[in-house]
Amino acid sequence: DAKTTQPNSMESNEEEPVHLPCNHSTISGTDYIHWYRQLPSQGPEYVIHGLTSNVNNRMASLAIAEDRKSSTLILHRATLRDAAVYYCILRDRGSNFGNEKLTFGTGTRLTIIP
Amino acid sequence: EAGVTQSPTHLIKTRGQQVTLRCSPISGHTSVYWYQQALGLGLQFLLWYDEGEERNRGNFPPRFSGRQFPNYSSELNVNALELEDSALYLCASSFGGPHEAFFGQGTRLTVV
Numbered sequence: 008d009a010k011t012t013q014p015n016s017m018e019s020n021e022e023e024p025v026h027l028p029c030n031h032s033t034i035s036g037t038d039y040i041h042w043y044r045q046l047p048s049q050g051p052e053y054v055i056h057g058l059t060s061n062v063n064n065r066m067a068s069l070a071i072a073e074d075r076k077s078s079t080l081i082l083h084r085a086t087l088r089d090a091a092v093y094y095c096i097l098r099d100r101g102s103n104f105g106n107e108k109l110t111f112g113t114g115t116r117l118t119i120i121p
Numbered sequence: 079e080a081g082v083t084q085s086p087t088h089l090i091k092t093r094g095q096q097v098t099l100r101c102s103p104i105s106g107h108t109s110v111y112w113y114q115q116a117l118g119l120g121l122q123f124l125l126w127y128d129e130g131e132e133r134n135r136g137n138f139p140p141r142f143s144g145r146q147f148p149n150y151s152s153e154l155n156v157n158a159l160e161l162e163d164s165a166l167y168l169c170a171s172s173f174g175g176p177h178e179a180f181f182g183q184g185t186r187l188t189v190v
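Chains as they are written, first to last, in this note's numbering: chain C, 8 to 121; chain D, 79 to 190.
Simulated from the structure, these hints should not be mistaken for laboratory data. Positions of the beta carbon are idealized from the N, C-alpha and C atoms, including for glycine. There's no promise every hint is true.
Far from chain C by the CB rule (all over 10 Å, computed), these chain D residues [said to hold, decoys possible]:
#	residue
1	91
2	130
3	151
4	159
5	183
6	184
SDA-like cross-link-like pairs, simulated, lysine to any residue; straight-line CA separation at most 25 Å [as the list claims (entries may be wrong)]:
#	chain 1	residue 1	chain 2	residue 2
7	C	10	D	178
8	C	10	D	134
9	D	91	C	48
10	C	76	D	177
11	C	10	D	91
12	C	10	D	118
13	C	10	D	166
14	C	76	D	178
15	C	76	D	120
16	C	76	D	115
17	C	10	D	138
Not everything, but these chain C residues come out facing chain D in the computed CB check (under 8 Å) [said to hold, decoys possible]:
#	residue
18	17
19	51
20	53
21	112
22	113
Only chain C is shown next, with the shape it has when bound in the complex (with noise of 0.2 Å):
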């Protein structure tokens, strides 16, 4: 499986931009780019995903590096309930059913200073 290397952890200040980093080098081109959080005692929670262009929606958005070797995830305003583990992922479009273990590393642990 393609692996993703993200920083350990991260610090923001509330009502700033957030830009978690992500390398994902030994990406395939039927790998999508998936984010998740995970909030203090909770399941995580689907962010984003992407599969070459850049893309937003209401929670955030995904930057894509032009090679597809890493992505950028932009939290345009951070509140305090951003503060979470956040998670990039690489997961196969479906072509290989072996793929498909949705595989988390350690992720990004994101502190918002008030």
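Fit chain D to the known structure of chain C by using the hints.
For chain D alone, kept in the frame of chain C given last:
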């Protein structure tokens, strides 16, 4: 629309016992994933079921097993419980393929 539901929410068992955890996926989802999250650690992939079949399993001993029913709900069984099995067990459901997965709130299992 109801999300992924797991039962029970909390469970205390003694070493050597057996436990069954249950998961109801979001309506229409055919894939169910099980994860183990020990306290302070990351999510470890346990099992993936799709259309009633076990498609993949993580690096866990055979005493961890499960099944998926025709209505796509799923059970996770753990036999001969050990103290290190104490963890949050999370279930997720998805349409499969590249689609997003949705997680339940988990079952907190404590083995004493």
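Practice problem: Mind checking the alpha carbons of residue 76 of chain C and residue 115 of chain D for me, to see if they're no more than 25 Å apart? | Solution: Roughly 28 Å between the alpha carbons, so the hint for residue 76 of chain C and residue 115 of chain D is violated.
Self-check item: Restraint outcome when residue 51 of chain C is required to lie within 8 Å of chain D by C-beta distance
Solution: Result: holds, 5 Å to nearest chain D Cβ.
Quiz prompt | Evaluation of the interface hint that places residue 112 of chain C against chain D, nearest CB under 8 Å | solution = holds, 7 Å
Quiz item: Does residue 53 of chain C pass the interface check with chain D, least Cβ-Cβ distance below 8 Å?
Solution: Holds - the Cβ of residue 53 of chain C comes within 8 Å of chain D, reaching about 4 Å at its closest.
Quiz item: Within 25 Å, alpha carbon to alpha carbon, are residue 76 of chain C and residue 177 of chain D?
Solution: Judged against 25 Å, a Cα distance of about 20 Å means the pair holds.
Quiz prompt | Whether residue 130 of chain D stays farther than 10 Å from all C-beta atoms of chain C, as the label says | solution = Nearest chain C Cβ is 14 Å from residue 130 of chain D, so the label holds.
Quiz item: Is it correct that the beta-carbon of residue 183 of chain D has no partner in chain C closer than or equal to 10 Å?
Solution: It is violated; residue 183 of chain D is separated from chain C by about 5 Å at its closest Cβ, not greater than 10 Å.
Quiz item: CA of residue 10 of chain C to CA of residue 166 of chain D, is that 25 Å or under?
Solution: holds, 24 Å
Self-check item: Pair hint outcome, residue 76 of chain C versus residue 120 of chain D [Cα-Cα no greater than 25 Å]
Solution: The given pair, whose Cα atoms are some 23 Å apart, holds under the 25 Å limit.
Quiz item: Hey, residue 91 of chain D versus residue 48 of chain C, does the alpha-carbon distance stay inside 25 Å?
Solution: holds, 21 Å
Self-check item: Least C-beta distance from residue 184 of chain D to chain C larger than 10 Å
Solution: Incorrect as stated: the minimum Cβ-Cβ distance to chain C is 5 Å, not above 10 Å.
Exercise. Classify the label on residue 151 of chain D as holds or violated, using whether its beta-carbon is more than 10 Å from each beta-carbon of chain C.
Key: holds, 17 Å
Hints 5, 6, 11, 16, 18 from the list above are not met by this structure, while the remaining hints are.
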